[in-house]
Amino acid sequence: MAYLLQHLLTDSAARAPRRPAVAVGERSLTYAELDGLSNQVARALLAQGVAPGDRVGIFAPKSAAAVVALFGVLKAGACYIPLDPKSPAARLAAIMTDSGVTVVLADQATAPQAAAMAGSVPQLRTVIVAGPHWGREAAAGPDADVTSQGPVVVPWDEVLAEPAGALGPDAAVDADLAYILYTSGSTGTPKGVMISHRASLTFVEWATACTGLGEQDRVCSPAPLHFDLSVFDIFATCKVAACMAVVPEMTSIFPARLAQWLEREQISVWYSVPSVLTMLATYGNLRGFDLSRLRAIIFAGEVFPAKHLTRLMAELPGPRYLNWYGPTETNVCTWYEVPPGSAELTAPVPIGKACANTDAFAVTSEGGRVSKPGEEGELYVRGSGLMSGYWGDKEKTRRVLVGNPFQAAYDEPAYRTGDLVTLDDEGNYVFLGRRDGMVKTRGYRVEVGEVEAALYEHPAIREAVVLPVPDEMLGSRLRAVICVDGPAELTREEVVDHCRRRLPGYMVPDVVEFRETLPRTSTGKVDRTGLAEHGR
Amino acid sequence: MEAVINDFISKELVQDASLLPLGNATSLLETGVLDSLGLLRLVVFVQERFGITVDDVDLVPEHFDSVDAICAYLRSRDGGKVGQAGGNG
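In order, the protein sequence lines correspond to chains D and B. Per this note's numbering, residue -2 is the first one in the first sequence, and the count goes up by one each step. Per this note's numbering, residue 133 is the first one in the second sequence, and the count goes up by one each step.
Note that these hints are calculated values from the structure, not bench results. No false leads were slipped in.
Listed next, the in silico DSSO-like pairs over lysine-lysine satisfying Cα-Cα at most 27 angstroms (straight line):
{"hint": "1", "chain 1": "B", "residue 1": "K143", "chain 2": "D", "residue 2": "K83"}
{"hint": "2", "chain 1": "D", "residue 1": "K391", "chain 2": "D", "residue 2": "K437"}
{"hint": "3", "chain 1": "D", "residue 1": "K304", "chain 2": "D", "residue 2": "K437"}
{"hint": "4", "chain 1": "D", "residue 1": "K350", "chain 2": "D", "residue 2": "K236"}
{"hint": "5", "chain 1": "D", "residue 1": "K369", "chain 2": "D", "residue 2": "K350"}
{"hint": "6", "chain 1": "B", "residue 1": "K143", "chain 2": "D", "residue 2": "K437"}
Can you build the whole structure from these sequences, using the hints too?
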């Protein structure tokens, strides 16, 4: 029985060594190659002193090198942390410091940037260059002369000199961490969601069954590694020895190009946030391409506006359409299949019913269980798919990983999602809204508190409030309402620039307003509802 | 026209301050300025500002990869009248 994620790879490599595992354009890595290369990376990591349970950064976009790297980390008994090369250095430094990362795997192109991070992360001691390097030109050329003041840089050639055979028996157990995914934190610092092998495999098991995934499938998700959608195209694909096709970012940006790529690459399963699909439906000229191999389109991350989903299904009626719902803390916990030939949808589709081996229930404000259509409550999730907690933050963990409210005989965790739901007549859960200040924009989650904390770091800002502005395409746009300190003058450009240095692009406010004072409620809190109603 | 478009992109889409001031010939794709939603916002802006509809077939890198490319595309539309009536360069 595969009880660690890397067993998925070793099993597939034994069963189907010549099947393509990762395809990037014309080139692909077979399962045998992926298995061998990741063994070499694992040995290189061990040689650099990585010990079981260590956190190792993966500083690369989704690519063959990144997949080799992450399997190498798992085989070394460590846990990987995807670090987004597009994130500002300050945020990456905060993540690396928080998680204690001292070794990072980069690809040829990101290695110089990785080494340079030592400036803000003094404990970074080693950068290992992972390959293969197809299609990713090095910023400094092949055999990149990565002059480093700080970390040791281990070139790919040195990794390739390691033996490629299987390592010894695994010491890790399924309760051990496989990866930590950092998401927006409401008090300003990102939170590390810890996922064990067992939790990840719980999702993988269900997801492969739900999609009927098989060896012939060609799976694509444009989601970056730090987004848990990637767990599907990496690990579910691996489990069945199917092929993970990597879409170049430039291609995914232009809808007609993307449609053409989907046709050429014969993608059979696609998994992404709704906004990419909306662009595809509107501008992709889908009827102009032969997408007959595309048998399933899965969307997650935020609400898919009914109007755009209807259009997509009209333009492309062949595939199954699946709505997968679940926060990073649980990966997917409920799902819903849109009935084919759906007439014009008038409301967003339900989030559906619990996945196999997952218990999803809703608790009313009185503490009872939601059981009848129309009743409302907060969605809780129970089962092996839950995160192990937030890295280094037991307090925040305790607030959301609580005792199962309906079982008191022994300690058993349940995760409070903070999402309000109701039941429909068919027993499907329907998403109603959030309890707190978390918003979704472009499928990413943003705690408005994190954006506010960044604004407060500006010396001229006395008060700041960030509000979501519903946006059909994006989910939400962010609106910042700011009070400037005394006579200080601040421009919108300065505010935006200040945010860009601290936050990833999707967290930077789109709209910036300046006011003398912020309206207050009778209890003295900022009247966010009032601001929202009278805002743009 | 170049200034209007450069201004919009610089203010609304550029995330990396080191790219400013933005060159009119700078590749928006290679520098990461343009992502799928940035493209959407750019298209909406161009359509509203210049009173045209961008067709699917025109939504390609050749027409949108730089300020210069966008202007060349717009000028080629409608026999070159786009951006002239009441437009400012």
